[in-house]
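Asks: Residues per chain are reported as follows:
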Amino acid sequence: MTDPPDPEATPEHVRNVEKTLTAALKTRPLKKESLERIHAAVEAEWLAAIGAPKHRSVRPRFVRWALYGIAASLLAVLIAFRVTAPSVQGANFGSISRLAAVGLDVRSGFFQHRAVRVGDALRVGDQFTAPGAMLITFDRGGSLRVATGSRLSIATATRLSLENGLIYVDVPESVPNPLRVSTTVGDIEHIGTEFEVMSDGQGVRIRVREGRIRFTGKTTTLAAGEGTELLAMPGGGVTQRSVDSYGRDWLWLAELAPDYEIEGRPLIDFLQWASRELGRHLDFADARSRQIAEHTILHGSVRGQLPVDALSHVLTTTSLAYEIRNETIWVHTGT
Amino acid sequence: MYEADRALVARMCAGEQPAFNEFFNALAPRLVAFLARRSRLDPASLEDVVQCALIKAVRNLAQYRGEAALLTWLTEICRHELADVHRKAARQPVHVSLDETAVKAALQLQLRAPEHQEPVAELQSASQLASIVRVLDDLPEPYAQVLEAKYGDGMSVEEMAQQLGLTAISVQSLLARAREAFRKLWTARMLGADPVRLRS
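These protein sequence lines are chains A and B, in that order. One gets the numbering used here by counting positions in the first sequence from 1 and adding 1 to each. One gets the numbering used here by counting positions in the second sequence from 1 and adding 194 to each.
What the hints contain is simulated information worked out from the structure, not anything from laboratory work. Positions of the beta carbon are idealized from the N, C-alpha and C atoms, including for glycine. Accuracy of the hints is not assured; some may be wrong.
DSSO-like, lysine-lysine: derived pairs with alpha carbons at most 27 Å apart [unchecked claim]:
| id | chain 1 | residue 1 | chain 2 | residue 2 |
| --- | --- | --- | --- | --- |
| 1 | B | K250 | A | K33 |
| 2 | A | K27 | B | K378 |
| 3 | B | K378 | A | K32 |
| 4 | A | K20 | B | K378 |
To be clear about the criterion: a stretch of chain A counts as covered by chain B if any three or more of its residues have a C-beta under 8 Å from a C-beta of chain B, and this derived list gives those stretches [stated by the list, open to error]:
| id | segment |
| --- | --- |
| 5 | 27-33 |
| 6 | 40-46 |
| 7 | 276-284 |
So the derived list for chain B, only partly shown, Cβ under 7 Å to chain A, looks like this [unchecked claim]:
| id | residue |
| --- | --- |
| 8 | G209 |
| 9 | A227 |
| 10 | V244 |
| 11 | L248 |
| 12 | R253 |
| 13 | E270 |
| 14 | I271 |
| 15 | M349 |
| 16 | V351 |
| 17 | L369 |
| 18 | R373 |
Next up, chain A with everything else stripped away, as it sits in the complex:
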């Protein structure tokens, strides 16, 4: 049972092993509420497995009646809470169109907790931390892309809070009620735009890719247009600078781009979608290439392709070609 002594084992070796193991094996424990949820679920199964009556202890009658009374009161309070707030809880916010994780754990208030997957709706009152990159689409039009680890809570059908993380809002101008994003340092509202918000729980970075947004902070209200970055700090200070609407900083959005259905659509519509997704302007070399784009009707599908791949694949089936020139996608005839 005892290993033979090893001449190589020195106190320094032991310290090194201890250091290696301690550094590698420490893990972050689950939150208390997560363990409580597991406890409740497992306990319920255990009681069912052993037969609950065995578990019931004998208590004096008055204690039992007191417990029944407390339980009834709690139930009444819970029902009253649910009845007084039916219009807010449960209103539809959007649907999950893509999720790079097995499922999403969503909490609603103190009592509700559910697992949702692709195709399921998110509702007003929901709070969640994105376990993987996700795309949420709105019934009224537009979409929201969420980076892994972002913490969000949905306050109303048109308002959400970003506690931490990175999101990208894309809502067309035609949508009547703009989406409002609340952060620790202020609110962002827009009229028809694409913008990105990143929060580290204290400061916030906003990048406007298209259209205009209005930022309302503790001491400042200011508007920002396409190609602008705002940095809002906890103390109320806001700095502003220009940013490109294309390039590496926006690449995280490509994999979350909503699918574009090309079947039966004019080529020019597809080109406009692709250029918008890539953050670039669409330009034609001449009137003839524009005319071809307007009159070409597409067939097939580019589902699941990144916008840049879709652009390349679609144009190879036409007589048009493209070049990317800084902020412009330049479409021309010939090769």
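With chain A fixed as given, assemble chain B onto it according to the hints.
Replies: What follows is chain B alone, placed relative to chain A:
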């Protein structure tokens, strides 16, 4: 062997609430840590896997015969649950772009929350953690358990002694042997030597 574990399970089967609480409080956090070391699941998925494993365990308590430690029995259930999760994830369709190398590399950097939530250091240490866990998994079960309990779960020698039904001196001796076995196998792996599986 494992009389304490058998007795605990027997009390649970008899419907004793304190036994259930003891079982849950002692083992659930350690299962969470066990899985966290062997996967890169997010907290919500980790919660799901541990919950499923514990539910399966309490449904099948009668099958536990005390031939291995209760923790070992539970970790085996966890391993199966984790394998299921990976199998399901592998069945998800994956779209592969034709000229994606650069895009993908950039996305791996970009598609995540701010750096303090997902630090680069964490990604870099992931492969080392995987190697260490592989070494632990190849050690005899009691060695791996005491090392994880001591250096991962932060248990004291006295706590381990109580849980294993041993004296503190025996646990210290076991720990020393476990550290040495780990050191030998880890060194062999680092030097690229043929790994020796110590676990049968």
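Asks: Against this structure, judge whether each hint is valid.
Replies: Going down the list of hints, with the structure as the test:
1. K250(B) with K33(A): 22 Å, holds
2. K27(A) with K378(B): Between K27(A) and K378(B) the Cα gap is close to 22 Å, so the pair holds against 27 Å.
3. K378(B) with K32(A): 36 Å, violated
4. K20(A) with K378(B): 15 Å, holds
5. 27-33: holds (count 6)
6. 40-46: holds (count 5)
7. 276-284: Per the Cβ count (0), the hint is violated.
8. G209: Holds: closest Cβ of chain A sits about 3 Å from G209(B), inside 7 Å.
9. A227: At about 5 Å, which falls below the 7 Å cut-off, the nearest Cβ of chain A leaves the hint on A227(B) intact, so it holds.
10. V244: 6 Å, holds
11. L248: Holds, because the Cβ-Cβ distance from L248(B) to chain A comes to roughly 4 Å (cut-off 7 Å).
12. R253: 5 Å, holds
13. E270: 17 Å, violated
14. I271: Violated: closest Cβ of chain A sits about 12 Å from I271(B), beyond 7 Å.
15. M349: Violated: closest Cβ of chain A sits about 12 Å from M349(B), beyond 7 Å.
16. V351: At 13 Å from the nearest chain A Cβ, V351(B) fails the 7 Å test, so the hint is violated.
17. L369: 10 Å, violated
18. R373: 5 Å, holds
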